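Trainee: All chains should be built: construct the whole structure from the sequences, respecting the hints.
Taking the working numbering, the leading residue of the sequence shown gets 186, the next gets one more, and so forth.
Derived by calculation from the structure, the hints in this document are not laboratory data.
None of the values given here were measured: they were computed from a predicted structure.
Be aware that a few hints might be false.
Label-pair ranges, simulated between beta-carbon atoms [as the list claims (entries may be wrong)]: (1) E504 <-> S379: 40 to 48 Å; (2) D494 <-> S379: 38 to 46 Å; (3) P337 <-> S437: 17 to 25 Å.
Every residue gets a Cβ at the ideal spot worked out from N, C-alpha and C, and that includes glycine.
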Amino acid sequence: MIDWHRKAQVPHPNLLWRGFAISRRNSFLLNYVIIRYQNLGDFSMSFYRYSVLVLILFLAACSGASGSPTATLVPTLESPPPVEPPPPVEPTADALGEQPPEVTPEGPPITPTIPAPADELAAASSDAIFIAQPGSLSEVVSPVLVTGQADPAFEQNLVIQVVGENGEMLAFRPASIQADLGQRGPFEAQVDFSVDRDQPGRISAFNVDARDGSLVHLSSVDVTLLAAGDPVIQLPQVVTEVIEIRSPEFQSDVSGGVLVLEGFSEYFFEANLSVVLCADGSDSDVPHPVCGTANNVFLETFTTIDSPDIGQSGSFQVEIEYSVDGPKIARVVVYATSPRDGGLLHVSSTLVTLLP
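Mentor: Okay, here's the thing in structure tokens:
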């Protein structure tokens, strides 16, 4: 027989708080249960009431367990893009203890030599002394290579000289025509000079009359003399005779007291040309740039180039009166000088016999 008056066993209060923690969404229902539990007061409540309390707690627990589960955040790590390994490095010559091969620049080495066309120009030139290298307006350093072609000279000897900005002599050396006696041929010479700064200069090649030391022919090129650096060689601009004497002819006789001089010339400053007759004279210590010595000067005059315009070549003509008691060998010289330093630019001559 059931004793309905037995004291009911009341659950420990911690059980109620555990139920409360199951689900916050049922907090109102749990509060209601707790309030009812506190109001029981009488521990001799009936089995019926106790059963209802247990049922409510069970439903609350089930309701809390059926709630939506809380999502767990799992960090997602993105894989870095694959890194390609660097290409394998081949061991260099230095790493192996060897010297790397020398790199040779493509193409032939640049050397300050005469261009090939200049040789052809020299062979075709009609100038009595033709300077093929260096050409006019070249820039040269020491030593300078001077080459060209020349008519036969006494013992095939020429003289090469270099003058500076103010006409001072910087170099003077002989050169030989590489041909049999009496034949035209090539010449060349390495000429040393010294300048302390870049400056205008002139290179000349000439030969002299062994009889009286007068100039037979002189050709020159105006250049820039470099104290240092690389040369710049230009080609010749004129290959024909610069000052051509057409009359009188070589070794002709002139009589009647008048010598008619005719010719053709490239243009020179103010179209002026100087003329001098060099003849045997007494010894003198006074030098003359054309006739050798001052006593060798027989006559001096000038002529003008009949040029169509400034800078253009043209003809020239002059009549020279003379007086001799008997035959006299004379060299008729036509030459041009530089307005910068008064030096000789070009000299041409012919040999005649003057008769009364």
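Trainee: Could you tell me whether the CB distance from D494 to S379 stays inside 38 to 46 Å?
Mentor: Between D494 and S379, where Cβ atoms are some 41 Å apart, the hint holds.
Trainee: With 17 to 25 Å as the target window, see if P337 and S437 comply at their CB atoms.
Mentor: Since the Cβ atoms of P337 and S437 sit about 19 Å apart, the hinted range of 17 to 25 Å holds.
Trainee: Just to be sure I understand the hint, the distance between the Cβ atoms of E504 and S379 should be within 40 to 48 Å; is that true here?
Mentor: holds (47 Å)
Every hint, counting from the list given before, is met by this structure.
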